[in-house]
Amino acid sequence: MIPAATLPHPPLVFGPLSPELVLVGAGLLVMLIDALRPGNTGRFLASLTFAGIVAAGIAAALLWNWHGPTLVLGGMIAADRYSVFFRLVILVVAAIAVVLSQHYLERSGEYRGEYYALLLFATAGMTLITASADLIMVFLALEILSLSLYLMTGFSFRRLASAEAAMKYFLLGAFSSAFFLFGLALAYGATGTTNLAGIATRLLFTLAPTQPRGVLLPSPALALVAAAFLGIGFAFKVSVVPFHMWTPDAYQGAPTPVTAFMSAGTKVAAFAAFLRVYTVAFGPLTNDWRPILVVLAALTMVVGSVLAIAQRDVKRMLAYSSVAHAGFILTAVAAGTAEGVRDAMFYLAVYAVTIVAAFGIVMLVSVRGERNLSLDDYRGLARRSPFLGGGLAVLLLSMAGIPPTSGFVAKVAVFSAAVRAGFWPLVLVAVLASVVAAFFYLRLIVVMYMREPEVAAAPAGETVLTRLAVGLPVAATVLLGVLPGVLFDVLAHPSVLPLGGFGFGL
Amino acid sequence: MESYFQSYGVLLGLLVAGVGLVAVAFVAARVIAPHRPSPSKLTTYECGMDPVGEGWSQTQIRYYIYAFLFVIFDVESVFLFPWATAFVRLGMQAVVEMVVFVVILAVGLLYAYRKKVLQWA
Amino acid sequence: MPQLVLFWILAPISIVAAFGMVLARNAVHSALFLIVTFFSLAVAFLALGSPFLFVVQIIVYAGAIMVLFLFVIMLLGVDREESMRERIAGQRWMALLLGLGLLAEVTAAVRLGIGIRTRAAGDFNVLVNHGDNVRALAGVLFNGYFLPFEVTSVLLIVAAVGVILHARRRHGDGGPLDRADAPPGEPLPLEEPGGSTPVDPESAGVSGAAGPVGAAR
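Residue numbers (my numbering), protein chains in the order written: chain W, 6 to 511; chain F, 157 to 277; chain Z, -9 to 207.
Keep in mind that a hint or two might mislead.
Below, a list of computed lysine to any residue pairs in the SDA-like style, where the Cα atoms sit at most 20 angstroms apart [as the list claims (entries may be wrong)]: (1) F:272 x Z:156; (2) W:173 x Z:78; (3) F:272 x W:37; (4) W:173 x Z:62; (5) W:173 x Z:77; (6) W:173 x Z:156; (7) F:272 x W:44; (8) W:173 x W:250; (9) W:173 x Z:63; (10) F:272 x W:43; (11) F:272 x Z:152.
Covered stretches of chain F (chain Z as the covering partner; in silico rule of three or more C-beta atoms under 8 angstroms from a C-beta of chain Z) [said to hold, decoys possible]: (12) 230 to 236; (13) 242 to 256.
Calculated directly from the structure, the hints in this document are not laboratory data.
Yeah, the Cβ is synthetic: ideal placement off N, Cα and C, and Gly gets one too.
Extracted from the complex, chain W is given alone in its bound form:
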């Protein structure tokens, strides 16, 4: 073992970190402006935030054709297309969230300069986690995004529901972080490294029968326990049953644009890291962790779908549906194949855009603050506002997995990956759960289209920007449903897999 102290300073290749540098820089700038010019309006900081996110998006897009080393900055950051893909998805979500937040905060009078700084830091945490190639970086990024989101969840502090949501999210999130940290320590104990590729290499040494036993570790048992603990940490963040308890309360209590942001952003970011850690670091143990994920996926789909039926509050219903979707994505992860990773990436991109727009429409129906959230408030919405009603209907159809929407393609892809990995009983459960889930999605559509409205007035206050923020995702949902090849072609190349296909023998 080389004494760590003699390791040289890694070359300062900051290129692959440019989106995060831009985001953190923008966050600090927002803080400075907010501190030095107290009279600023939310509009100005919102535009600055939006510009920062766009700049980070450009920086990320330029990284698509990165020709430098795959691992940079001491093996902490992966410069692969996998991270670029997820960063772009997260940045799109963040950009939509900025527009929604500005609209919401201006109307509810809850604007504080901190909000946009926190949003930028949370986005930086989310994009950083997709590029983290070391468990320490994964942990730090996870903490940055979680801490920012706890604060954003409790941002409407004059609403007790918001404070309660933040409290629950924080307590359970801190608990899950402890699990993650324990797993990190055990992984280090088992393999002597926290680098994802390094862990995989040491595990291969252990598992290869030709190697002399006991060179590094006599058995992968400790690494398996580490994988389990890290998995619990991720399962909390992506709300996999039985670690989903915080989801409905946090989603319902948080200000709606925050719900939109975290429902899409956290899921994408945490799943990106989940996939990377499991397929890269614990890739040699795939056969060991697959059965566990299969059971969790089945449980998650069933529990999420069934509990969503009982909900009368739209935000809570979408929260439970997001639990169910975590199960569908987990189905692809459980396949443990390169195809499964690709399909999970497709599903996550599609789902993120759909859910952020769905919560956006819920926000617009609320008009101001947190109102009109029960199913009855959606009576005849399509007649009162064809734009909002129609848009939500398309998004709900996509979430239900009904053609010709992107959700349908995503579900088919995920199921076929699981079937090809030999998990047809899981797919059977998934199909049944989809049918159950279709019930509550379609129920909302029926309410919007076939029930007489109680009030004739349309929800007021949409602006061009908010119309674009929810309209473009709706268009994307239909477009990717008709032409899924656009995205699948991008994902077809092996270079989109974590570390360019590390661990898949590519």
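Based on the hints, put chains F and Z in the right spot on chain W.
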């Protein structure tokens, strides 16, 4: 290694001596002093005033903010210690790294100052 | 040898204190037990040849973080009885069972994975520290691990923003208010700079107008 622990042996000896001294004083007081309790003797001593209410009282929330900011900057200082012992050997890069670290946190402090969190209003 | 002696003194103390922390009825007693655990762990770090971690453990954990814990306890009121009634029957037994299962699992995994040894692979001071723990740590922290170090500052600034956000809301924001109850169309009273809105002692923070600590009631 042995000398390493021996250097802490003095500390241990002092600790034992200190604890022993206090223990002896307390035990001696208990043994020697006469013990005749009466209600007024058993009340809590509060600078000569009659004790009112209970011993515990709520702290003000403002202290908490200071405590929390203290923790944050305490963690910052923890990183400064190893840096201070080694930056000569590590060279310019380490200096720049620490400057970036401190500047980012200084923005936080400036923010707290401008938002008047540090004022006792 | 001194390591072993120290271990067998400290390990029981830290475990007993940890149990005491969980089982104590009084929150302050729990906090004090936690300090004992922190201290015994700190000395264990010292015995393992990591004096820097020893100092950090005492300054940050036993010092700063415990102060924070005690502040929270004092804020909430020490004499408040927590309801110990279980809302889900048999929860305690289940937790005990699962906890023991977890302990057995981790122990078995450590035993299988790296083995449980009574002696270290080598002298930590020679292998890793090269005689000077703090400098060796600095060499690692500011070379290979400089990125996590810098990222930590972002994490800390998020925490600082969080504190400021929570602190500022005490200045004349009024108490909790459910937005749903507010009459439609009426704008929320925004925060007045300088806090001219009178603070409602019932609801502004936990003790908005309670006066300084220890004031006689």
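The hints, checked one at a time:
Annotation: proposed proximity of residue 272 of chain F to residue 156 of chain Z holds, straight-line Cα distance about 13 angstroms (limit 20 angstroms). For the hint linking residue 173 of chain W to residue 78 of chain Z, the alpha-carbon distance of about 18 angstroms falls within 20 angstroms, and the restraint holds. A C-alpha spacing of about 14 angstroms is found between residue 272 of chain F and residue 37 of chain W, which places the hinted pair at or below 20 angstroms, so the restraint holds. Taking the CA atoms of residue 173 of chain W and residue 62 of chain Z, the gap is about 17 angstroms. The hint holds against a cut of 20 angstroms.
The suggested pairing of residue 173 of chain W with residue 77 of chain Z holds, with an alpha-carbon distance near 17 angstroms, which does not exceed 20 angstroms. With a C-alpha separation of about 17 angstroms, the suggested pairing of residue 173 of chain W with residue 156 of chain Z holds against the 20 angstroms cut-off. Distance hint between residue 272 of chain F and residue 44 of chain W is fulfilled; the C-alpha atoms sit about 15 angstroms from each other, no more than 20 angstroms. For a cut-off of 20 angstroms, the pair hint linking residue 173 of chain W to residue 250 of chain W stands: about 9 angstroms separates their Cα positions.
Of the supplied pair hints, the one linking residue 173 of chain W and residue 63 of chain Z holds, its CA atoms being roughly 19 angstroms apart against a limit of 20 angstroms. The straight-line distance between the Cα atoms of residue 272 of chain F and residue 43 of chain W is roughly 11 angstroms, inside the 20 angstroms bound, and the hint therefore holds. Between the alpha carbons of residue 272 of chain F and residue 152 of chain Z the distance comes to roughly 15 angstroms, so the proposed pair stays at or under 20 angstroms and holds. Counting residues of the stretch 230 to 236 of chain F whose beta carbon lies closer than 8 angstroms to any beta carbon of chain Z gives 5, which reaches the threshold of three, so the coverage claim holds.
Proximity of the stretch 242 to 256 of chain F to chain Z, defined as three or more residues with a beta carbon under 8 angstroms from a beta carbon of that chain, is established by the 9 residues found.
Of the hints listed earlier, there is not a single one the structure fails to meet.
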